[in-house]
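> If you read the sequence shown in the numbering used here, its first letter stands for residue 1, the second for the next number, and so on.
Among these hints, one or two may not hold up.
The list that follows gives simulated cross-link-like pairs (lysine to any residue, SDA-like), each with its CA atoms no further than 25 Å apart [claimed, not checked]:
hint, residue 1, residue 2
1, Lys-187, His-154
2, Lys-94, Gln-110
3, Lys-187, Asp-127
4, Lys-187, Glu-443
5, Lys-396, His-409
6, Lys-155, Thr-116
7, Lys-187, Ser-431
8, Lys-261, Gly-395
Each pair of labels, with its calculated beta carbon distance range [as the list claims (entries may be wrong)]:
hint, residue 1, residue 2, range
9, Asp-127, Val-50, 48 to 54 Å
10, Val-174, Thr-43, 18 to 24 Å
11, Asn-317, Tyr-119, 26 to 32 Å
12, Gly-209, Asp-397, 36 to 42 Å
13, Gln-54, Asp-397, 32 to 38 Å
14, Thr-59, Asp-286, 18 to 24 Å
Just so you know, these hints were derived from the structure itself, not from any lab.
Each residue gets a CB set at the ideal place from its N, CA and C atoms; glycine is no exception.
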Amino acid sequence: MRRFFFSIVAACLVLAVFVSCLSDDTDYTYYDDAAITAFTLGTLNRYYTVEGSQGQDSTIMRTLSCTDYAFNIDQQAGLIWNSDSLPLGVDASKTVCTITSRNGGSVVYQSLISDTLFYYSSTDSIDFSTPRLFRVYGTSGLTYRDYTISVNVHKEVGDTCIWTLAAESVPAFVPLETMKALAFGGKMYVFGNDGSDVKIYTADISGGGEWTEISPSTTLDADAVKSVTAFDDALYTYSGGEVLRSDDGSEWTSVAAADLKQIIGGGSAFLYALSSDGTQLLSSPDGATWTAEELDSDCSLLPSTDLSFAFHAMTTNASTEKLILIGNRDGEAYPSDTTAVVWTKVEEYAGGARANAWNYIPFAGDNIDNRAPRAENWQITSYDENNIKAVCGNGKDGGQAVALDRIYHSGDDGITWLNDTIMSIPDDLDSGFTSFAFAADGEGSVWLLCGGTGQVWKGRINRVAWKKEQDYFIE
């Protein structure tokens, strides 16, 4: 039946061309090319749910211009869609759109309930609540091409954080005194010290309720937990005066003997560490050889405890990353009894790029109210593109920070630390508050894992987890 209606449309087009030729002596050129070359939306209705003064919910409608939402056209597959979905609440069932065809070819679309075809008009209100079949004919009436057009609308609010309790209690986490979590090879790893031994556990990123213990092939010292880093498709740590490497957390081999205090993290091309005397930051491409890094301030300002490291690619420059290191400085020459210590570096990998120094970030002047507090167990992670999310323990030496009372947000790479307005601590969090781990998994979620109670939480900002669609094609 569908083929029959398509044939009728084609016949009508040919007839129209024939009649036109009989009634006009003007020469026309008719083309076999058939393609939709552009698709844009007009103004659509958007519905909001709002809370009234008496606490009751009501729905209001506003119009939204959607002309700036770009639509991709895959000519080979015959697909047209928007990668950037329309906002939640947009009504796609009454959509006015503009379709441009090659050489002005005629466009028709199929009914939702039958094979009937309708001629497209730019004034039509078309129901795009489900993908629609469109066909464009060449002006010769002898050729055509089919397209499926989808108008994607978000089903959830983008700037909303949702927390899921992946595990009410993982008994193995309860006795852990020091914890560090990281994503590696499609799994989450938790390294911890129960007071006598280093423990290693892993779970699928898609889950979080079931954890498997891994027995390391060599005895790791207690501080090895602090040095665990994922780098260059492997896990690294520092234990017993040696840099160790593992492909799975089980078998560990020595890379080299090194005089380090702690491996602080790894970027795309280098591992980074603090020297054994705490006076120098070091970098290494493989963990075997270490080079002193340049500092723009006195080494007495380097952090010595509660170290945490994160990095992200910079969108302003290709082959460039921003590194962030936070911690506390104990002992002499400590810069402040109320603030943490933050250092950053721009790492450039392009050919001929210069080597940059690490920069000390002071909390003073106008920035004093947005400082990172001096607190135990800083844990920072890169999440939501170029943003840093962080949690910390109780304040040190009389500091006012309260363990896990908030999630900190830094959108300027460690200069300011604000109370995150989108992602907050789960309402039902039950933690020992002295032992916990916090890390992003690279799949759109952050994990908060608690010693003392064994709770495992997974949180996500909706838009971070939304799939990034392909938007470039060659016909």
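> Next, verify each hint and record whether it holds.
Structure-based check of each hint:
1. A threshold of 25 Å between alpha carbons decides the hint, and for Lys-187 with His-154 the separation of about 28 Å lies outside it, so the pair is violated.
2. For the suggested pair Lys-94 and Gln-110, the alpha carbons sit about 16 Å apart, so the restraint of at most 25 Å is met.
3. Of the pairs offered as hints, the one joining Lys-187 and Asp-127 is violated, with about 42 Å between alpha carbons and a cut-off of 25 Å exceeded.
4. The hinted pair formed by Lys-187 and Glu-443 meets the criterion: a straight-line CA distance of about 11 Å does not exceed 25 Å.
5. Our distance criterion of 25 Å between C-alpha atoms is met by Lys-396 and His-409, whose separation comes to about 20 Å.
6. Of the supplied pair hints, the one linking Lys-155 and Thr-116 is violated, its CA atoms being roughly 30 Å apart against a limit of 25 Å.
7. Our distance criterion of 25 Å between C-alpha atoms is met by Lys-187 and Ser-431, whose separation comes to about 23 Å.
8. Only pairs whose Cα atoms come within 25 Å are accepted, and Lys-261 paired with Gly-395 is accepted, the gap being roughly 23 Å.
9. A beta carbon spacing of about 26 Å between Asp-127 and Val-50 contradicts the range 48 to 54 Å that was offered as a hint.
10. Between Val-174 and Thr-43, the C-beta spacing of about 57 Å breaks the proposed range 18 to 24 Å.
11. Asn-317 and Tyr-119 have their C-beta atoms about 50 Å apart, which leaves the hinted 26 to 32 Å range violated.
12. Under the hint 36 to 42 Å, the C-beta atoms of Gly-209 and Asp-397, about 38 Å apart, fit the expected range.
13. One distance hint, 32 to 38 Å for the beta-carbon pair Gln-54 and Asp-397, is violated here, with the actual separation near 49 Å.
14. Between Thr-59 and Asp-286 the CB atoms are about 60 Å apart, so this pair departs from the stated range of 18 to 24 Å.
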